Amino acid sequence: MLSRLSRACLSLILLSVVPVRAQPDVPPTVRRWIATVVTRVGEAGRASTAIPDRTGRVEIRLRITADGSLRDATIERSSGSAQIDARALAAARAASPFGPPPPAVLTEDGTTELSFPLDVSARR
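Read left to right, the sequence shown gives residues -22 to -1, 1 to 102 (mature numbering (1 follows the signal peptide of the UniProt record, and there is no 0)).
Don't read these hints as lab results, they were simulated from the structure. Quick caveat: nothing in here was measured; it's all calculated off a predicted structure. Just so you know, not all the hints are guaranteed correct.
Unchecked claim - So the derived label-pair ranges between C-beta atoms look like this:
{"id": "1", "residue 1": "Pro5", "residue 2": "Gln61", "range": "35 to 43 angstroms"}
{"id": "2", "residue 1": "Thr85", "residue 2": "Glu37", "range": "18 to 26 angstroms"}
{"id": "3", "residue 1": "Thr7", "residue 2": "Gln61", "range": "35 to 43 angstroms"}
{"id": "4", "residue 1": "Thr17", "residue 2": "Ala60", "range": "19 to 27 angstroms"}
{"id": "5", "residue 1": "Pro5", "residue 2": "Ser93", "range": "18 to 26 angstroms"}
{"id": "6", "residue 1": "Ser59", "residue 2": "Pro5", "range": "35 to 43 angstroms"}
{"id": "7", "residue 1": "Asp3", "residue 2": "Ala64", "range": "33 to 41 angstroms"}
{"id": "8", "residue 1": "Glu86", "residue 2": "Gln61", "range": "34 to 42 angstroms"}
{"id": "9", "residue 1": "Gln61", "residue 2": "Arg10", "range": "29 to 37 angstroms"}
Note that beta-carbon positions come from the ideal geometry of N, C-alpha and C, so glycine has one too.
All chains should be built: construct the whole structure from the sequences, respecting the hints.
What follows is the structure in structure tokens.
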């Protein structure tokens, strides 16, 4: 089961938009860690060879282990383009490993999940 703080953090993530906005009831260490993960994935999702009119927004879910490794990445809401969705998943893999999550957001199985919108460009 998720701890109360873990549920609150996950709810915050689901309702937030990039960039992550600071919330007073979430510890600063958790906010910084989330912002770092979202930023790294976003940076990996931007390509210098991207086609400007071939962008899309996906909602991506990451499951991250206690050591910061990416266990799983899935598309929760598709952009409508298989190429853009695949690029989002590749960006998550390229951005990992992340720093270890704060203990407060880990579930009993030693992982945490983040879900957030991600703007991705298709490659040429």
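Going down the list of hints, with the structure as the test:
1. Pro5 x Gln61: 35 to 43 angstroms: Since Pro5 and Gln61 have Cβ atoms about 38 angstroms apart, the given range 35 to 43 angstroms holds.
2. Thr85 x Glu37: 18 to 26 angstroms: This hint holds: roughly 20 angstroms between Cβ atoms.
3. Thr7 x Gln61: 35 to 43 angstroms: 36 angstroms Cβ-Cβ, so the 35 to 43 angstroms window holds.
4. Thr17 x Ala60: 19 to 27 angstroms: Distance hint for Thr17, Ala60 holds at roughly 25 angstroms.
5. Pro5 x Ser93: 18 to 26 angstroms: 19 angstroms, holds
6. Ser59 x Pro5: 35 to 43 angstroms: Hint holds: Cβ distance 37 angstroms, inside 35 to 43 angstroms.
7. Asp3 x Ala64: 33 to 41 angstroms: Holds - the Cβ-Cβ distance for Asp3 and Ala64, about 36 angstroms, lies within 33 to 41 angstroms.
8. Glu86 x Gln61: 34 to 42 angstroms: Once the Cβ atoms are compared, 37 angstroms apart, the range 34 to 42 angstroms for Gln61 and Glu86 holds.
9. Gln61 x Arg10: 29 to 37 angstroms: 32 angstroms, holds
When the structure is compared with the earlier hints, no violation turns up for any of them.
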